[in-house]
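Which chain is which? The protein sequence lines are A and B, in order. Residues in the first sequence are numbered consecutively from 6, following this note's numbering. Residues in the second sequence are numbered consecutively from 755, following this note's numbering.
If you are wondering where the hints come from, they were derived from the structure by calculation, not from laboratory data. A quick note: this is a predicted structure, and the numbers were derived from the prediction, not measured. Any given hint could turn out to be false.
[What the hints assert, rightly or not] Stretches of chain A that chain B covers, calculated by requiring three or more beta carbons in the stretch to come under 8 Å of a beta carbon on chain B:
#1 25-37
#2 40-53
#3 61-70
#4 97-108
#5 128-138
#6 151-157
Glycine included, every Cβ here is placed at the ideal spot set by N, Cα and C.
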Amino acid sequence: MMTLFYISAAVALISSVLAISRANAVHALLYTIVSLLSVALVFFILGAPFAAALEVVIYAGAIMVLFVFVVMMISSGPGAARQEQQWMNFRLWTGPSVLVIVLICELFYIVSLPPVTGPINMVVESKQVGMALLGPYVLGVELASLLLTAGLVGAYHLGKKEPREDTDK
Amino acid sequence: MTNATSDYGLVLAAGLFAIGLAGVLGRRNIIFILLSIEIMLNAAGLAFVSAGARWGQPDGQIMFIFILVMAAAEVSVGLALVLQMFHRIKTVNSDAANSMKG
Chain A
6 MMTLFYISAA VALISSVLAI SRANAVHALL YTIVSLLSVA LVFFILGAPF
56 AAALEVVIYA GAIMVLFVFV VMMISSGPGA ARQEQQWMNF RLWTGPSVLV
106 IVLICELFYI VSLPPVTGPI NMVVESKQVG MALLGPYVLG VELASLLLTA
156 GLVGAYHLGK KEPREDTDK
Chain B
755 MTNATSDYGL VLAAGLFAIG LAGVLGRRNI IFILLSIEIM LNAAGLAFVS
805 AGARWGQPDG QIMFIFILVM AAAEVSVGLA LVLQMFHRIK TVNSDAANSM
855 KG
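Generate the whole structure from the sequences, applying the supplied hints.
Quick look at the structure:
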């Protein structure tokens, strides 16, 4: 289990360093997704399967999709088709693909292991998390819902098209 | 075994946080700055989950869920601001946004 942890930690560090050092935003997004997936695997190894699922679904899924949308909106314009053709170039995909294949092999290995029983296996089940979340932490859940509403309203307000400067004169 | 793993999880969280901090300080493209902030928030969540796994308690994962909610709200507002900035000054270089209205 330690070896698996070391491999996914190495993948996380490598992909994070590559993510912040790329010149192209889309390459950086690909490496960031790899980094988030490897951290999800670290969560799984640490015995937090619910956090691992949330990491994949919300971080690597939803938040990164927002980033991809914004990068697409910013980079559209003349030359965008040629740029997208460059993104389809396979050489640019090899780095993230190799790292992801390492993670997939690791995941299959973990799944193929027999389930560990006994005091070593300190897995915090999602049931415990849910009981604590809606028990002592229910005020935090309400505050989180307020924060999400504020984020929704703020993003809607800021995302509106700006009124033309000459129309309000 | 789990104890050793969660200790190294804290070390990994520190490393990821340092990488994200280097990205925030070193890059001037505002999308990369937001991306680095995401890496730093993720490292903070990893630290919480590692500490929770050390004691076998669900509190670490609950703090991770709260960090996740905060990151989602932050990124939606932040990307809306990036779009506004791009519409106004036609660039994503954060050094170009150096003047205020009025």
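Which numbered hints fail
4
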